[in-house]
Amino acid sequence: MNSILEIENLEKNYYTKQGEIKAIDNISLKIKEGEIITIVGTSGCGKSSLLGILANIEDKTNGKIKYQKDKPTIGYMLQNDALFPWLTIFDNAILGLKIAKKDTSENKEYVKKLLKTYNLEEFINKYPNELSGGMRQRVALIRTLALKPDILLLDEPFSALDYQSRLAVSADVFKIIKRENITTILVSHDVGEAVSLSNKVVVLSKRPCKIKKIYDIDLPYDNPIDNRNTKEFNELYNKIWKDLDVYVN
Amino acid sequence: MSMSTNQKKFLQKERRNKIFVILMQILIVVIFLISWEVLANKKILNPFIFSSPSRIILTIKNLFLEGSLITHILTTLYEIVLAFFIGIASGFLIAILLYEVKTLAKILDPFLTMLNSLPKVALGPIIIIWAGANTKAIIVMALLINLIVSIVNIYNGFLGTDEIKIKLLQSFGATKGQILRYLVIPGSKRTIISSLKLNISMTLIGVIMGEFLVSKKGIGYLIIYGTQVFNLNVVMAGIVILIILSFIIYEGVSLLEKRLLQEKN
Ligand SMILES: Nc1ncnc2c1ncn2[C@@H]1O[C@H](COP(=O)(O)OP(=O)(O)OP(=O)(O)O)[C@@H](O)[C@H]1O
Ligand SMILES: [Mg+2]
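Going down the list, the sequences are from chains A and B.
Reading the first sequence from the start, the letters are residues 1 to 249 in the working numbering.
Reading the second sequence from the start, the letters are residues 1 to 265 in the working numbering.
Next comes chain A alone, as it looks inside the complex:
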């Protein structure tokens, strides 16, 4: 398999009035096509910074980011669904296409098809506040998928949801991701989410973050909720939890 993205010796510093903050310290990582990777790390260790750099909306201080493609299309989703309340579901879903000036009728049809496939057809002309949290998250994903991204970057996309919905919605979203076969990097501080959803878990150290360990995950079931009940899940969960080295003073 080819690497779709190679990160080499990446460093990120923030310069503020209070002083220099080193957020990322020399990270190197190869991401293969079709892989689903979860990056876990303690709060404030530099996960969002990493994703922001990969998404091209933040500058790096040092190192190289090499995408296989010259101009890769990057799908980026953040802490909440970020749907625009004044736009209909359809207009929300084609927002990325509009911004990128790719809102051709063909692409719009593709969005309609996605909305239909993922059971949102009857909500096309409704507004976000008329949808459940899970449906909104699906719309947000479709808005990203509309651009046919080469890679998907998810920065704790479920953190605004309560625990119950979180399990259901994340399972739902990853079913779509697997079905559309998109290379994905998920950032999470939830170890259970990491282990149950991905093929690979990258554990980061505390700030400034370095790669501490990488685990390959191979769980028996397709459904992440089922996987949570397996022995393998529990073993990995405990190992990674220890790696994170979280303690309470």
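No lab work stands behind these hints: they were computed from the structure.
Worth double-checking, as some hints may not be accurate.
Below are the PhoX-like pairs computed for lysine-lysine, each with C-alpha atoms no more than 20 Å apart in a straight line [said to hold, decoys possible]:
| id | chain 1 | residue 1 | chain 2 | residue 2 |
| --- | --- | --- | --- | --- |
| 1 | A | Lys101 | B | Lys176 |
| 2 | B | Lys167 | A | Lys98 |
| 3 | A | Lys17 | B | Lys106 |
| 4 | A | Lys98 | B | Lys106 |
| 5 | A | Lys60 | B | Lys167 |
| 6 | A | Lys71 | A | Lys148 |
Given the coordinates of chain A, work out where chain B with the ligands should sit on it, guided by the hints.
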């Protein structure tokens, strides 16, 4: 849907309470007007200084028949509408400029604060010298008062834009203009609309103040003129008309606000 007796009782009580409030409001006005009239007629209040409701009505009627009343009202209205729209439009544009050029906002910050805290009447005489004793001076006066409020309000609305949504648009490769058009401006619709009410109050103050200073036409002029010739009936007539006019305009803007906010999201 059927209603429980308790719910019915509750609604009845609410309705009765509302009617009571309205009745009391009417009563206050009626008692106030009657006592004023009676006290003035019995010369307990000097009608020459305090006028009286019947004299005010008579004065308004005479002004109307004379034909000057309509001119005054229309003049004031025209100035209000003009200052209001110029204030909103330029407030909006300046707010966009400040939002886009953050350094400019920083540079201008102390000056805006200074201008905001300055009692703008103080500038009145200068404005008249610079702009001339005409409508232009009145509009400038009103803008001086309403513009700062509009700018600050709309600008703060812009600043409240959700960072996550900005990042999202950036990840789509949005330009600054696109971020404004698709997110910042539509997202601030509420703030912009609610600044209309504040703006109209400020405009009213500015226009009347301007008319006091320029003294040619308009309701503000009517009030000043009445004072100068010591005809308190005219002064009071002017104030009454102004009260009614402001009330109508303010309610109109409130209604507009409600309508705009009710629109689908
Ligand atoms: N724009 C910025 N300016 C200065 N410091 C920043 C900036 N953004 C992030 N930081 C700092 O860099 C460090 C890493 O932040 P980052 O948001 O990447 O962490 P994170 O792992 O995503 O945290 P969380 O789990 O809380 O989301 C933090 O200490 C943070 O305070
Ligand atoms: Mg983060």
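(request) Could you grab the alpha-carbon distance between Lys17(A) and Lys106(B) and see if it respects the 20 Å cut-off? (result) Holds, because 17 Å separates the two Cα atoms, which is no more than 20 Å.
(request) Take a quick look at whether Lys98(A) and Lys106(B) sit within 20 Å of each other, Cα to Cα. (result) Given that 20 Å is the threshold and the Cα spacing comes to 33 Å, the pair is violated.
(message) Hint check: Lys60(A) vs Lys167(B), CA-CA at most 20 Å. Holds or violated?
(response) holds (16 Å)
(message) Checking one constraint from the list: CA of Lys101(A) to CA of Lys176(B), max 20 Å. Satisfied?
(response) Holds, because 15 Å separates the two Cα atoms, which is no more than 20 Å.
(message) Between the alpha carbons of Lys71(A) and Lys148(A), is the straight-line distance 20 Å or under?
(response) Cα-Cα ~13 Å, so holds.
(message) Please verify whether Lys167(B) and Lys98(A) have alpha carbons no more than 20 Å apart.
(response) Judged against 20 Å, a Cα distance of about 16 Å means the pair holds.
Of the hints listed earlier, the one the structure fails to meet is number 4.
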